[in-house]
Every structure is written in C-alpha cells, then in structure tokens.
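Q: The primary structure of each chain is shown beneath.
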Amino acid sequence: MPHSVSPAGSSERKDEEMADVPAASAPEGGVKLEDMFDGDDDEEFPASSAQDVKMESSPVPAPAGPAPVPSGVDTDVMLMFYQRLFPFRYLFQWLNHGIVPTRDFGNREFALTLQNDAYLRYQSYPTADLFRKDILKMNPSRFEIGPVYSTNPRDRKTLRGGQMKPVSKELVFDIDMTDYDDIRTCCQKANICHKCWAFVTMAIKVIDTSLREDFGFDHILWVYSGRRGAHAWVCDPSARSLPDDRRRAIAGYLEILRGGSSSGKKVNLKRPLHPHVTRSLEQLKNHFAQTTLVDQDTFASTEQAEKLLSLLPDKSLNEALRRKWDSSPDRPSTSKWADIDALAKTGKSSTLKPATLRDAKQDIVLEYTYPRLDAEVSKKMIHLLKSPFVIHPGTGRVCVPIDPKKADEFDPLSVPTVMELLAEIDAYDAKYPAGTQEVEMPDMEGSAMNSDAKSTRKLQDYEKTRLKPYIDHFRSFIAGLLKEERVAKRERDDTAPAVKADPMEF
Amino acid sequence: MIRQDAHRIDPKRRATIDHKKRQFAVPIYKQQDYPHRLNLYDTPPTAEITLEQFEQWAIDRLRILAEIEACSYRNKSPGETDTQITPLLQKYLPLSSNTSSSNGAADLRLRNERQKDHYSHFILRLAFSATEDLRRRFARAETMLFRFRFQKDDSRERRAFIDSLNLDWEPVGEEERNEIAEHLANSTPGLHRVNDETWYKVDWEKVPELVERRSAYMRRGKAYVPGREQLSMIMAEFTARLERSLELTSRALPRLDEDDRLTPILNHLSKNFGSAESVYTESEGHVDGAEIRASSIDSLSQHFPLCMRSLHMNLRKNHHLKHFGRLQYTLFLKGIGLSLEECILFWRQSFKGKTDDEFNSQYKYNIRHAYGDVGGDVNRRGRGYPPYSCQKILGDSNPGIGQTHGCPYRHYSVDNLVGLLQATGVSDKEVLRGVREDVGKQRYHIACNRVFESTHKNEIKKVKEDGTWSQADLDTIVHPNTYFKRSYLLKQLAKAPSRDA
Chain A
1 MPHSVSPAGS
11 SERKDEEMAD
21 VPAASAPEGG
31 VKLEDMFDGD
41 DDEEFPASSA
51 QDVKMESSPV
61 PAPAGPAPVP
71 SGVDTDVMLM
81 FYQRLFPFRY
91 LFQWLNHGIV
101 PTRDFGNREF
111 ALTLQNDAYL
121 RYQSYPTADL
131 FRKDILKMNP
141 SRFEIGPVYS
151 TNPRDRKTLR
161 GGQMKPVSKE
171 LVFDIDMTDY
181 DDIRTCCQKA
191 NICHKCWAFV
201 TMAIKVIDTS
211 LREDFGFDHI
221 LWVYSGRRGA
231 HAWVCDPSAR
241 SLPDDRRRAI
251 AGYLEILRGG
261 SSSGKKVNLK
271 RPLHPHVTRS
281 LEQLKNHFAQ
291 TTLVDQDTFA
301 STEQAEKLLS
311 LLPDKSLNEA
321 LRRKWDSSPD
331 RPSTSKWADI
341 DALAKTGKSS
351 TLKPATLRDA
361 KQDIVLEYTY
371 PRLDAEVSKK
381 MIHLLKSPFV
391 IHPGTGRVCV
401 PIDPKKADEF
411 DPLSVPTVME
421 LLAEIDAYDA
431 KYPAGTQEVE
441 MPDMEGSAMN
451 SDAKSTRKLQ
461 DYEKTRLKPY
471 IDHFRSFIAG
481 LLKEERVAKR
491 ERDDTAPAVK
501 ADPMEF
Chain B
1 MIRQDAHRID
11 PKRRATIDHK
21 KRQFAVPIYK
31 QQDYPHRLNL
41 YDTPPTAEIT
51 LEQFEQWAID
61 RLRILAEIEA
71 CSYRNKSPGE
81 TDTQITPLLQ
91 KYLPLSSNTS
101 SSNGAADLRL
111 RNERQKDHYS
121 HFILRLAFSA
131 TEDLRRRFAR
141 AETMLFRFRF
151 QKDDSRERRA
161 FIDSLNLDWE
171 PVGEEERNEI
181 AEHLANSTPG
191 LHRVNDETWY
201 KVDWEKVPEL
211 VERRSAYMRR
221 GKAYVPGREQ
231 LSMIMAEFTA
241 RLERSLELTS
251 RALPRLDEDD
261 RLTPILNHLS
271 KNFGSAESVY
281 TESEGHVDGA
291 EIRASSIDSL
301 SQHFPLCMRS
311 LHMNLRKNHH
321 LKHFGRLQYT
331 LFLKGIGLSL
341 EECILFWRQS
351 FKGKTDDEFN
361 SQYKYNIRHA
371 YGDVGGDVNR
381 RGRGYPPYSC
391 QKILGDSNPG
401 IGQTHGCPYR
411 HYSVDNLVGL
421 LQATGVSDKE
431 VLRGVREDVG
441 KQRYHIACNR
451 VFESTHKNEI
461 KKVKEDGTWS
471 QADLDTIVHP
481 NTYFKRSYLL
491 KQLAKAPSRD
501 A
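For the record, the sequence lines run as chains A and B.
In terms of the UniProt record's numbering, the first sequence is residues 1 to 506.
In terms of the UniProt record's numbering, the second sequence is residues 1 to 501.
No false leads were slipped in.
Chain B side only, calculated, beta carbon under 8 Å to chain A, not exhaustive:
#	residue
1	Pro189
2	Val211
3	Glu212
Derived from the structure by calculation, the hints contain no laboratory data.
Every residue, glycine too, gets a C-beta built ideally from N, C-alpha and C.
With the hints as constraints, model all of the structure from the sequences given.
A: Below, the structure is given as structure tokens:
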C-alpha cells in the first residue's frame with residue numbers, strides 16, 4: 001500500500017505521520033523541529049474567520065453576486081477542480097524542467113494535506129500522469145512543494161540515516177499581510193482589502209526588481225497565496241542549487257527591517273545608502289505618499305502619531321509637533337507628515353541638522369513601506385511552500401500567478417474561487433452544447449493530459465473560465481524557463497569533457 | 001531520446017586511465033616545501049612522522065582550537081580573543097613569517113613550524129570528521145584560527161600567498177569603474193576614494209558575507225568587491241574547501257577501522273574537544289528541593305534571566321508566543337526541571353484564547369517534541385533538545401516582526417531594554433549606565449552578568465565572606481539555566497541564613 005493514511009485525530013495524526021522525521025535525516029541536520037513547521041502559521045486558518053474577507057471600505061464592486069464562497073471547500077468540489085481544472089501537465093513541466101521525466105520531478109517531495117487534516121510528507125511521483133492520478137485519489141485540500149532530494153523521498157526509510165539529502169529547490173519568498181498588522185489600519189489578521197493589498201504590491205515590485213537587477217535572476221514566478229499574501233519562486237538553475245548559507249545571504253541582503261516587537265526603530269541604515277536601498281526608496285516614495293499617508297491614514301490616531309514621533313531624532317521638534325497635533329486631533333496623516341518639515345524649517349530646534357532629519361524621514365518611509373519578508377522560509381532549502389494553483393481552503397480562491405510587470409493591476413478579491421470557475425464551465429457548456437464547439441465530455445483523462453494538436457483540438461475546461469489568463473501566464477513562464485534550460489544543458493555537455501581531461505596524478 | 005550514461009568516459013581520456021598501470025605504480029608524492037606561512041591545506045601530508053609526534057602535534061593544535069571556541073562561546077571581542085590566543089599560539093603552535101629569518105622560507109625552523117601546522121591540521125581532520133556536529137565545530141574553529149593568522153600576516157607575504165591561490169577574480173576596467181563610481185562609493189562602507197582601490201568583479205556566491213551585510217555593489221549576479229575585502233573572500237574559500245574535504249574525509253574514515261594504533265588516539269582527541277553546549281548536563285539547571293510546577297512559574301520568574309523574563313511577561317500579556325519564543329521558553333523550563341505534564345499544563349493555561357482542540361493540534365506536539373516524548377529515535381533517546389545557551393540565543397537569527405525570542409540585551413533597542421530592566425526592578429543608575437556601555441560594545445553577556453551581580457549583590461557578598469561559594473561557583477554566566485539556578489540558590493541561602501550553622 002503506497003500511502004498510510006492515518007486517522008483524523010488531530011494530535012494523534014501528527015505523531016504518527018512525523019514520528020520518523022528526525023530519524024530519517026537528523027544526523028545530517030536535515031529536519032529539525034524548527035523546520036518542520038512553518039515559522040508561525042498557527043494563525044493561517046483561524047477556524048472562525050474563513051469567510052470574513054473585509055469589503056466594507058472597498059470602492060471596487062465585490063465579485064459578482066452574493067459571495068458564493070462557502071467556508072471551507074466541499075470535497076466533491078475539490079475533486080472536480082482537480083479533475084477538470086488543475087494544470088497538472090504544466091506543473092509537471094515547471095518542476096521537471098523538460099518534457100522527459102527526470103529526477104528533478106521524480107525525486108521532488110510533495111506534502112499533501114488531506115481532507116481529514118492528516119499531513120503526508122515525502123510523497124513523490126515519477127511522471128505527471130501518476131502525479132495526477134494520486135492527487136485525484138487522495139483529493140487533498142492542498143499540497144506543498146519541497147526540495148528535490150538526492151534519492152527518491154519515498155525510499156527514505158530503506159536508506160541509512162543521512163543519505164537522503166536535499167539537492168535543489170527554487171529560492172522562495174513569502175510575504176504575509178500579518179507582518180504588517182502594526183502599520184495597517186484597515187484590517188487585522190487574516191483579512192485583506194484593496195487598501196492593504198497595496199503593501200503586497202509594493203513588496204512584489206521591490207523584491208522582484210532586486211532579484212533581477214542585483215542578483216541577475218530571470219525566472220521569477222509570483223503566486224497569490226490565496227488569502228492575504230504572495231509567494232515568489234525563483235526558478236533559475238543557479239537559484240535552485242543555492243546552498244542554505246547563500247540563501248541566508250540573499251535574505252539578509254533584502255531584509256532592511258530588523259528587530260521584533262520591542263526593538264524600537266526597525267530601520268537603522270548607515271549612510272550613504274546602498275544602491276539597492278536607494279532604488280527601493282525611489283520606488284516606495286510615492287507608495288508612501290499614497291498608501292500610508294492617504295489610504296491608510298496611518299498617523300491619524302494619537303497612538304500611531306506618538307510612534308511616529310519616537311522615530312524622529314530631535315526632542316524639541318517632537319515637543320513642537322506634539323503640541324500642534326494635540327490641538328487638532330483630527331489632523332490627517334498627510335498634514336502631519338508635512339508638519340515635520342514645516343516646523344523643522346522654522347528653526348524650533350537649533351541642534352537638528354537637515355541631513356539628520358532627512359535620514360530619519362527616509363528610515364520612516366522604509367519602515368512603513370519596505371517589504372516585510374518571512375525570512376525563515378527563504379533561508380532553508382527544505383522548507384515546504386504551497387503549490388501554485390491549489391485552492392486556499394479558507395477562501396476557496398485559486399492560488400494564481402501574478403505577473404510582476406502588472407502587479408499594480410492584480411486584484412486579490414477578484415481572483416476566481418473554485419465554485420465560480422465550475423459555474424463558468426457549466427455556463428459555457430450550456431451556451432455551446434457538445435457538437436457545436438467540440439466541447440469535450442468531462443472525462444477524467446482528457447482535461448489535463450490531451451495533446452496540443454492545433455486545429456481539431458478540443459477546448460480544455462480551463463479555457464472556458466477566468467482561469468485561462470493565469471494558466472497562459474504560467475505557460476509562457478515555463479516556456480521561457482525551458483528555453484534557458486535547454487541552452488544550459490547544451491553548454492554543460494560542451495564544457496564537461498574539457499574539465500575532466502585533467503591528467504591523473506599517477 | 002536515449003539518455004547517455006553518466007559514467008561514459010570521454011574518448012580522449014581513455015588512454016590515460018590504465019587501471020593496471022595505476023594499481024601498481026609507485027605513488028609519486030608532491031614534496032611539501034611551504035613557501036608561505038599560511039596554508040589552505042589542500043594537499044595532505046605524506047612524509048613519515050613518529051606516533052609521539054602524531055599525538056603531541058594534534059594535542060597542541062587542539063589546545064588552540066578549544067581556546068578559540070571557548071572565546072567565541074563567551075562572546076569575547078576580537079581584541080580580547082587576541083590577547084588570549086597570542087601567547088598560546090606562541091607556545092604551542094608558532095608560525096613565523098618569512099621575514100623573521102635571514103634565510104627566508106628555506107630556514108629549517110620555519111619549515112618545521114609549518115610542517116607541524118600542516119600535519120596537525122590533517123590529524124585533527126581525521127579526528128573530527130566522524131559526525132556532522134564535530135565537523136561543523138572543527139570547521140568553525142579552524143576558520144577562526146585561519147582568519148586570526150591571516151590578519152596578522154605581513155602584508156607583502158599575504159599578497160604573495162593570495163597570488164599563489166589562483167582565484168577566479170575579474171578586475172574591473174577603468175571605464176566600467178568610472179561609470180558606476182557612485183554606486184561603488186555608496187555600497188562600500190568606509191571608502192573614501194573609489195579610484196584608490198583595485199576593484200574585482202566576482203560571482204556573488206563567493207562573497208555571501210558581504211552580500212548579506214549589503215557591503216558590496218551588486219549588478220546582475222556579480223558583486224563588485226574592493227581589494228581590501230579579500231579577507232571575506234579568502235575566508236569563504238577556506239571554509240568551503242575545508243567543509244568539502246571534511247565530508248570526503250568522513251567517507252574515507254571507515255578504512256581506518258582495523259587500525260589499532262591511530263584509532264585510539266583519534267577517538268581520544270575527539271572526545272577531548274569539549275564544548276560549552278555538550279558540557280551542559282541535565283542536572284546543571286535542576287535545583288534540588290525546589291518545587292517546580294506550572295503554578296509556581298509566576299513566582300519563580302523573578303529568578304529568570306531577562307530573556308526568559310521578557311518571554312514570560314509577553315506570554316502573560318498576550319496569552320500567546322510565536323514559535324521560536326515558545327521553543328526557547330519551553331526548553332528553558334525543561335532545563336529548570338519542569339516536567340512534561342506540568343509544562344503542557346503551563347502552556348495550556350497560558351494560551352487563554354485557544355480552544356482545547358486548537359491547543360492540542362497546533363502546540364502540544366511541539367512541546368512534546370522538545371521534551372523528546374515524540375519524534376524520531378535520535379530525538380527521543382536524546383530526550384529532545386538541550387536548553388539553549390546564551391551562545392545559541394545570541395547567534396540565532398534576529399527576531400522578526402512580532403517575535404519575542406532572542407536576547408533582550410542584543411535584540412532590543414537600548415531604550416526598550418532599559419525600560420524592561422526598570423520594569424523588572426533594576427533601577428540603579430550606575431548599573432543601567434554600565435549596561436548601556438556594555439551593549440554599545442556588544443558585550444551582551446557582560447551586561448547580563450552585571451545585572452545579575454547587582455540584583456544579588458548582598459547574597460554574593462555574603463557567600464564570598466563566609467566562603468561557602470568559591471570563585472568557580474561565581475564564574476561568568478553563559479547559560480540561562482545557570483542564571484536561574486544560581487539566582488535561586490543565592491536567594492534561598494539568604495532566606496535561611498542559619499543553614500550552615
């Protein structure tokens with residue numbers, strides 16, 4: 001029996017499923033307790049708040065009709081989604097880096113969360129067909145993607161300890177709205193609205209630019225995490241094989257906000273600013289003016305205004321500002337921000353240098369807008385991350401890719417939910433009954449696996465829905481990746497013998 | 001498509017590998033002549049030495065490495081480490097520069113010194129390649145030793161040594177340098193004139209340290225590094241090579257299985273490489289006679305070091321701690337002798353907002369795992385992880401947003417730190433001033449010990465006077481559990497002054 005599904009008993013199941021984890025790879029420092037669980041995702045699916053995507057302040061119309069999202073997605077719906085819509089073939093090509101199945105896919109770890117909340121780690125599949133078959137059989141509520149191992153993860157128990165090692169995985173980044181809770185005023189915890197999604201948009205822009213310009217990566221896939229965040233998958237061959245200390249270096253390079261809840265000022269940059277910071281600041285300036293000062297109106301409350309003052313360097317200036325703001329409690333953030341310069345100019349403080357104030361203001365802009373990454377996710381090769389295109393069990397939304405070039409246009413609240421998509425297929429099929437448009441029957445084998453024969457090709461189910469542009473984006477992303485992969489392979493074949501031709505010692 | 005066999009030999013090479021010839025050929029070893037003081041230890045030694053030399057050289061080097069590691073555990077500054085190490089190096093493992101002798105590198109004394117350095121390194125490689133943990137510690141200590149010597153090296157010799165390494169560094173042309181001069185100046189701290197430096201373009205992966213600190217200009221995967229940052233690059237190179245060859249050594253190690261001359265020596269050596277973390281025994285934190293239960297944690301928390309105290313206060317305030325905070329605190333509680341059942345009870349009561357189901361499914365497993373009640377064989381046999389030492393807490397990643405673990409002396413802003421200290425009852429101005437100073441100099445453990453000495457000054461004075469505690473009992477604290485135990489015992493003594501009488 002290939003899978004051992006344990007009963008749903010919540011604390012029981014983890015014991016059974018994970019009891020062997022440290023034994024399998026602990027001697028090599030492979031899996032430690034810290035790594036087995038996401039940094040802190042205990043709030044990922046708060047049972048009660050699955051539904052409450054906050055819409056009240058949003059000017060954009062809600063997704064058509066009364067929100068059809070059920071709290072938690074039905075198992076039949078989920079199965080239907082896998083059968084008819086999930087792009088197994090493209091996911092395979094993406095992870096396999098080619099058409100012919102290789103170890104890149106075969107030794108890749110998948111971790112399935114089943115409908116009963118059991119968690120199956122170390123699943124792997126030799127081909128796309130077997131992958132699809134197993135997903136249909138297990139019908140997981142979601143699944144995650146881990147690293148490629150040196151051997152097949154399913155064989156781990158037959159190996160001596162420490163023999164199975166992770167060899168490659170995409171460099172990943174995780175941005176989560178909860179990390180912004182202390183600077184967003186519109187929502188808290190798992191909720192998002194258009195106003196605070198702007199933070200994610202900024203983060204995507206800054207990180208994406210840096211990865212491309214500074215590190216020279218080209219193949220970066222951004223994915224909406226289904227509720228209130230985004231993931232990045234850097235798929236360049238050089239990025240996939242980075243060892244952990246290099247990943248840590250990148251995370252450190254990109255991390256500007258340091259310190260936990262009690263460390264006071266979180267941005268303390270040395271001058272002159274590093275070109276990466278200067279560029280980011282340039283990108284973020286306007287966002288600060290719009291999002292922080294206007295949309296969020298962050299400094300409106302006395303408490304937040306006090307926090308702003310604590311970040312400013314000069315006591316007498318702070319006194320003047322405090323007096324001014326106390327006398328007009330409803331003063332909007334934009335005016336408060338302008339007050340800083342205005343009062344500084346009037347010479348309230350003799351000791352304050354303009355440069356010091358400018359630096360402090362730059363630090364503040366960064367503290368309120370610079371991306372807040374969950375750095376632990378990026379630092380470890382073995383970290384698991386939710387696959388693109390799965391359904392977020394809370395919202396029912398599909399984890400669709402985001403085009404970083406059009407990050408501004410992306411609207412998380414209009415991302416299709418699984419129920420909407422299935423309804424769209426039905427609507428399409430009703431409009432073009434079989435025969436008039438070569439619509440295929442919803443059989444299991446056809447939807448994801450059929451060939452690309454152009455003219456007589458049957459329309460695939462996803463093409464009848466709003467999922468199409470997202471899958472098209474994913475396809476073109478894969479095409480670019482495969483092209484580079486082919487070039488790299490040819491180069492490897494050309495240079496390899498030359499390297500080996502060294503004379504032997506004896 | 002037919003996939004080609006990876007083992008296929010390139011046709012041009014076939015003739016050179018004649019396994020018959022190779023098998024019986026007399027090995028021709030490269031004679032070592034040590035032209036440079038420093039050594040990247042690429043070539044293993046091949047000449048013969050006596051067993052006594054084998055052992056003695058290894059022990060001498062081990063002494064140095066152990067001292068280096070101890071300094072790092074005590075979080076000593078580079079300057080302090082320097083004064084500690086220099087006399088030891090002079091005594092056990094001298095390594096003089098070419099200029100110190102009139103004959104230069106040909107001098108017999110220099111040769112012998114370098115030979116000893118070379119051989120002892122490889123002997124210890126054998127001794128410390130067996131387990132991942134030993135390998136990591138060995139590589140760390142060796143890297144620090146190398147860095148130490150590299151910095152002390154004569155600048156001319158250092159250049160000659162670097163030139164001999166053939167590293168893959170591409171010099172930046174003048175045109176390109178002028179084009180990006182501003183970026184170079186802004187990204188390289190402490191630089192005055194861009195044109196004074198020789199710039200190199202290297203793959204960023206070669207200088208992860210610089211990249212992590214954002215101390216180099218980056219463009220399309222290349223880092224622009226000034227000549228003086230060589231240290232960082234050489235260190236990375238040294239560590240990378242050493243780690244790789246340790247890995248190889250560990251695989252070759254079983255060949256020594258039948259040997260009865262070297263194996264005992266090697267085993268003995270690796271056992272003597274004691275570390276602050278492995279020395280920590282379970283009984284260290286336990287306090288006899290103290291009743292440690294979930295309900296008594298609140299009152300005991302006055303004896304906790306600041307890191308745990310702040311976790312406790314945060315927990316009481318928010319009824320929640322994030323993962324790493326929970327882990328750090330759970331392990332500490334385990335260390336002071338809280339049983340697993342009581343610990344689960346403690347967390348259950350502390351997480352007021354969670355239902356039983358949520359608690360059982362999201363938190364309980366981690367607690368049990370930390371105690372070694374569940375998990376793999378290794379975890380269970382080791383009874384979970386050891387409580388974190390100061391070294392571990394200081395060295396781990398900075399707490400992120402909303403996280404509360406770590407060391408307050410290091411990870412809090414000074415103002416928040418002082419606020420926290422005052423909240424815990426430390427208000428002596430002199431002490432607070434000292435703490436500020438220590439933290440400014442990054443001597444976090446000294447700051448912590450200073451606070452301990454101030455809050456327990458009467459008790460310490462007393463035990464010193466009546467001689468019940470020797471100086472060794474009052475050594476610098478480098479473990480949160482030691483802090484607790486000492487604090488608790490001192491206060492108990494004060495409560496029962498007539499115990500000895």
